[in-house]
Amino acid sequence: MNLEYSGTETIPAGKDTVWAFITNPANIASCMPDVLESTVVDPRTFDAVVQVGVGPVRGKFKFHVVLDPQPSGDRMNMKISGGGFGSVVDLNAGADIKSDAPNSTTLDWTGQASMRGPVATVGGRVIDAQAKRVISTTFANVKAKLSPAAATT
Amino acid sequence: MSTTTESTNGKHAMGVSMKRKEDPRFIRGGGKYLDDFTLPGMVWLSLVHSPYPHAKIVKIDKTPALAVPGVLAVLTGEDLAAHNLAWIPTFHGYDKQMVLAVGKVLYQYQEVAGVIATSREAAQDGAEMVDVEYEPLDPVVSPFDSREDKIILRDDRENKTNHIYHWEVGKQDETNAALAASEVSIKERIVFQRCHPAPLEPCGILADMSPATGRLTLYLTSQAPHAHRTVVSLVTGIPEDKIRVISPDLGGGFGNKVPVYPGYVVAAAASVVIGVPVKWVETRTENLTCTGFARDYHMDVEIGATKEGRVTALKVSTVADHGAFDAAADPTKYPAGLFGIVTGSYDFPTAFTQLDAYFTNKAPGGVAYRCSFRVTEASFAIERGMELLARKLNMDPSEFRLKNFVKKEQFPYPSPLGFVYDSGDYHMTLRKALDIVGYDDLRKEQAEKRKRGELMGIGISTFTEAVGAGPSKHFDIMGIKMFDSAEIRVHPTGSAILRAGTKSQGQGHETTWAQIAAEELGLDPQNIMVEEGDTDTAPYGLGTYASRSTPVAGGAIALAARKIREKARKIAAHLLEAPLDDVEWENYKFQVRGQPENALTMQQIAFAAYTNPAPDSEPGLEATFYYDPPNLTFPYGAYIAVVDVDRETGAVSVRRFLAIDDCGTVINPMVVEGQIHGGLTEGFAIAFMQEIKYDEQGNNLNTNFTDYLVPTSLESPKWETSSTCTPSPHHPIGAKGVGESPNVGSPAAFVNAVMDALAPLGVTHIDMPLTREKIWQACRQSTTA
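Line order of the protein sequences matches chains A and B. The first sequence: position 82 = 100 (our numbering), numbered continuously. The second sequence: position 722 = 721 (our numbering), numbered continuously.
Chain B with its partners taken away, still in its complex shape (with noise of 0.2 Å):
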């Protein structure tokens, strides 16, 4: 565990395990969520859902709904369809989707109706009343029966095909080519299961319209709260300036709170209608059967090599499961997100990946879940792949990774599927890693055990990120660039607010935003008071996912910083009487060349700016900086399973887990280790324990906590976790991001060691979640053989 600080005094503050200063406020119960606020005359939403996947709507009959005392009103998409607010736009603005159904529903709980009435209850109950009449459909669960275009999902598309798009990238012939040529190969369908961020705080709003001022006030469970509102306008055609957008204390997001939802948008369609505030806060259920889902890829892997071991080709071709609307959150260029980082740490001389995405009867998503836009499909595409490689050319994995990683000398590194990596040492990481688990010492064990026919694995995941999303030359949602933004205004006395354009649900950025602006100029962190999530007053910004506000948001601090030092040094010049070119920034205070007696400390500056400015010069002493990054950044870890299978049972123990993580330059490493250790937590409920399931008939069968399982302190193992450093260099502050690495890189060296703990049962692959059920049941059909 790192030491931590209260308090840097100003100096050092990067780097420093200070402890977080949002959390007193969330210790002692004063954390303020969306469902914590009450407005005068506020009423409430309540949706109706559709039980079956796939049905023609005959008729809605609101009638028995309100006769329930309490309820208001009942709204259908006919209702929205007067206001043109039947159909919203999706993410990247490809696709459009339903906010209450039309005509028919295409999901299981898909959103048919809202009720709107005086308490929670009445609308709850007024719900359960909406007379639903439907014509059942036969569903499409399967991407792959999709694909055979019998049944047309989509009849509002102009194309009459369950096909969304193809999309690929990298140089087909010549993969192909080599490929067929290689001595030794693996092809292997390799499914990343669709699974759910599951934030502990599911998603709501309170909308509040104002009769008398004209405004309308969304206090929302964002992201993104800047995206949200122009999204709103939009739609809407209320103008921005009569949107404000309020994000409170988010109780997790994971991606799942980036999205707009069609509770959001009858709330806020109900209270500019009726003038009174309307509030939605979904149930558990409805945020884990209607809300933005991740993954759903199924990967063909293919790998060739020589036979001593040097790879020489990757292919991936994927179908991607996209459910009843494209509404994956990806940019807009981006259709299949960064999943073109397949080729990961690895030095492939060629490469090409394709993806085709089909419409089915299931609830829309594909959300960024602790992810940058599918990277985590890819990097557990690719470290699956090699470790089926590794051991079919019977090499150990290590020195199969080895042998193939990119050397620290070729960065920056062009990919073969068009990145540029930015910086990294892999066979230093790796190294480091197999030293800390002594990892020959465990492969001497598990031998020993195989004799006995005990069941050990060793999993290894070394796996490259890109995010940071990103440079506004290639990143847009719906026009807008991924820049981000921060604002800093020092106050007379030495004591700042930091605002940015990012929206923390969990990260931390009160404390870490506070420790860049604080290095950067010479103030106490504890004396800068960060403040994101309202439009009303924070910059511009894109938000916070796919890790990138420490890379965009975390350099507009930093550069913003720096304008504000520069004003600084103009003033430290007029106190100091000295030439402008004399004066210096050392040891966090203005001092004249060589003259370290006569310093002056940023409090002092910010007091002249304020009572004693520099001729010509402007008053006070505040900057904005928007942050357009350059290139994104490519953080990358080493991480290493050890577990133990009980063949009888299929019982997984997680023995040991490194993570070895290097995201560049760390701001707070207490901070970082927090992440890393919730994000080995996901990554470990992914691989064992986590998909959202249907049966033949659409059914959802993962509607709760009861079957969807999220990890506690009991089943989670015990995280080891290091770190090495080679600092982005194009980034202000050499940081590349570490939100999502742990996520990211985690299943595969789960799955990995699961896999090596089998091998002397001929198992070579077993799709995630790793149950004991699938598990007992390859040693069964094994011992069976």
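Okay, chain A solo, but in the shape it has when bound (with noise of 0.2 Å):
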């Protein structure tokens, strides 16, 4: 099953402070919601061990993600591997990160999933609930750690 999502988001932080944020694995990990533990293994990867409930498929999936900034400094590229409990996920994901204002930062966003085994059989509304409910508490935590308040805290 290959699923596609797209987006914009708007970050209240400026253009360097979200590019230092979003290249550093550990704080990536720790905005990815459900995630039970998380292993940096160099600048660039980290591994997951994220709970997952997907419909009838639920436990622990693991993930590996490689991180990768290409170097004009305007775009972030990332890549998630991973699965468990017969289900494999691979996700690809990029970002073209744009400086609206000193501190707004704009996310042009695309993803391509693609999952076999059992999770590829739950069903494209269910999966897609889930993805939307990843993908926006993610970005929630990234602009609540970003925030001016965050900032002063």
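Calculated directly from the structure, the hints in this document are not laboratory data. It is possible that some hints are incorrect.
Claimed, not checked - Using 30 Å as the maximum straight-line C-alpha spacing, the simulated DSBU-like pairs for lysine-lysine come out as follows: (1) B:K103 with A:K78; (2) B:K55 with A:K97; (3) A:K97 with B:K58; (4) B:K692 with A:K150; (5) A:K97 with B:K588; (6) B:K61 with A:K78; (7) B:K159 with B:K149; (8) A:K78 with B:K692; (9) B:K95 with B:K61; (10) B:K472 with B:K562; (11) A:K80 with B:K55; (12) A:K97 with B:K103; (13) B:K406 with B:K306; (14) B:K55 with A:K78; (15) B:K58 with A:K80; (16) B:K170 with B:K480; (17) B:K569 with B:K588.
Since each chain sits alone in its own frame, please combine them into the complex, following the hints.
Pasting the structure below:
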């Protein structure tokens, strides 16, 4: 099963701040929902154990996440691969990063997910709802961590 | 509903709706199924499955699994290879299949490793922890892509092609010429989708290698215990006398419990190696994704006719999707099974059919799901084709069928594709069906409804099956001839035990086998115990599938009983002090010709067989018979479905369904009726809701009963049944078999009815399953157009 998502998010922080944040694997891991444990392997890679509950597919999935910041400094690619309980999930995502204002950065992002095994049989609508929840929670966490209020605390 | 009786008291045991002897056990929870068996020291097997449909296996790391508490061992294909068990032969012996994947996986959910543990839960936890690294490869999901040979799936085979075999029968040039010369013709791609037998009890094994006795006992969900014993012996080298297969009560089989599956082999091998009992029981998902699927035939059907509606020729060209291995369950000399029955009930002057089978990255199979080896696919093709042609001719489909039926005086009828049909009166049976449903009135009602824009359809299916494989000159599985057997032992007090090489999965053999023997011997069927499924005690037989039990084993039972009766006649002559030629069997007793007052019952004879045997006669009263049938049998039927279709929602309401079956002599009408109800429900499910579907990446999308629907009584229509009887002239009791007729005949009746309902919209064909969405889309497109 292949799924594609895209969207635009505005982060209330400057581009350099955002770039520094999202190129750090520990920061990304801390923003993903349902992460039970994470291990930074190197400056561009981390492993995560995630609690998954999609229809009847429930349990701990292991993911390997590789960050691929582009040298231009305005695009970030990310590859997530992993799975559990006989299911495999591969996700390729990318975001173009633009500065709107001194304290406002826009991320135009796209993601293509490929699923195999029991998770692929759950049904598009169930997966869709879960995927949207993961995406919105992740961006909400990023925004929260980079908001001026957070920066001052 | 038939009337029922508890006992026949030894008279007229045949044709009586005796209540099933096995049912009190099942109703009271006394059935004993595979998962009910527990042995001391037993351990569990759980299998690891591939999430990829096509991938190289880079590495298998057992370490995390071995760290799980309770896990004793992890087995891989390479471990099995060390014991020459990495591959096993497929059903008919033309191919081999991996037990646990070696090198690469060829379908999603393929078995990759096995985890042995002290509990079911520990084995499952261990299986989750086996770390398999894959390198995904592009999958080939469609057989039409497969035949391009752009990706060769089986690099283990000498021939580097995905093409498995080509099969054909009939006169190709003559058929092509006749089709070209036909005044009217149709050509349609008709797909019988991949579906699954889905027995409520999945497959399993409890393998018990006893170090003390050196014997391997396999408690196995098996429709063919003797065949499985022989296969295990051939694969492992263990002498057959050291193997005992016990097939306990089965919760359905429908062909799914005929093949040998990887879980069986791994559990047996593990038990042999570690010397303790090993149990493996499938999950529902494993059953639906790994074990034998059915159908998956893509059939191009061409029929020609005169403009007056007389058929002139039939040609069917099929592409078959066999999945990753050629594991189709067909007799060895019949790679496409009995698909040659595709001329059906019709007198075609000429015909030709050909089939090409291909590998794909899907689960292997092609089992005879309540079907005599591809008869269901063939029946669906011809019954849909005849319906399409009737519409093109603007003829009533019943009139078109009546015009083209084989006539009763043509029997025994040699079909253009090589069968010799035994008996039938197709005209009588269809006319009876038309009368019962009130066909003319239904057509009037339909015409009125069409004026109001309502969608009502009437669908007919008049199928003929070829069952009872089979005669040894044609039918074998890996060389073993497809005879069957019965052994009857009459005890001194006149009760008996009957053992057969078949294995009931719900068919009611404990009742019907007893009725056959009781009829032949004048005994009470309540006092004849039937035993099947234990290779240590039952005579050798090829098992129960493909509607072969009554045509083959039923004949063996009757003829074994007649051997006993012949011996009993000698004892009777001795007791009556009469010449043997003067002793006759009359009213279920032996009497001196014309002297009924001096008659002896079989019970009296049986007592004498042990207490006062005839001089120069062997004591006792028992016999064994191995029956090699001279021909197949050809049950048939006329089914009529009446449906209403809601064009706004695509919902179909099956208002009526009449099934008239002619299975020759009926042993127990109630059991036959039950068989037909069950098979019609399966046919209903196939027609409207069931398909094992794969997405373009090779993901199986129907892995449990939320995605692969099984109708309950709430969804199922009310079935009407009736019968005609044209006994088989060559069968000892005239029986033809019935278990599969409803599954074979009903899908076409449902589809023909829905297509008839949609005719005003110009819709001619929709492939099964006829889901609401498909029907709604067809209605919508028609409205849009």
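Results for each hint:
With a C-alpha separation of about 26 Å, the suggested pair K103 of chain B and K78 of chain A falls inside the 30 Å cut-off, and the hint holds. A threshold of 30 Å between alpha carbons decides the hint, and for K55 of chain B with K97 of chain A the separation of about 21 Å falls inside it, so the pair holds. Distance hint between K97 of chain A and K58 of chain B is fulfilled; the C-alpha atoms sit about 22 Å from each other, no more than 30 Å. At most 30 Å may separate the alpha-carbon atoms for a hinted pair to count; K692 of chain B and K150 of chain A meet this at roughly 26 Å.
Taken as a hint, the K97 of chain A and K588 of chain B pair is broken in the structure, with Cα atoms around 85 Å apart against an allowance of 30 Å. Distance restraint check for K61 of chain B and K78 of chain A: the Cα-Cα separation of roughly 19 Å lies within the 30 Å cut-off, and the hinted pair is therefore satisfied. At roughly 11 Å between alpha-carbon atoms, K159 of chain B and K149 of chain B fall within 30 Å of each other, so this suggested pair holds. Of the supplied pair hints, the one linking K78 of chain A and K692 of chain B holds, its CA atoms being roughly 27 Å apart against a limit of 30 Å.
Taking the CA atoms of K95 of chain B and K61 of chain B, the gap is near 26 Å; set against the 30 Å cutoff, the hint holds. With a C-alpha separation of about 24 Å, the suggested pair K472 of chain B and K562 of chain B falls inside the 30 Å cut-off, and the hint holds. Proximity of K80 of chain A to K55 of chain B is assessed by CA-CA distance (about 21 Å); at most 30 Å being required, the pair is judged to hold. Distance check on the hinted pair: K97 of chain A and K103 of chain B sit about 25 Å apart at the alpha-carbon level, within 30 Å; holds.
Proximity of K406 of chain B to K306 of chain B is assessed by CA-CA distance (about 21 Å); at most 30 Å being required, the pair is judged to hold. Taken as a hint, the K55 of chain B and K78 of chain A pair is honoured in the structure, with Cα atoms around 25 Å apart against an allowance of 30 Å. A threshold of 30 Å between alpha carbons decides the hint, and for K58 of chain B with K80 of chain A the separation of about 17 Å falls inside it, so the pair holds. Pair hint K170 of chain B plus K480 of chain B holds up; C-alpha atoms about 29 Å apart against a cutoff of 30 Å.
The straight-line distance between the Cα atoms of K569 of chain B and K588 of chain B is roughly 13 Å, inside the 30 Å bound, and the hint therefore holds.
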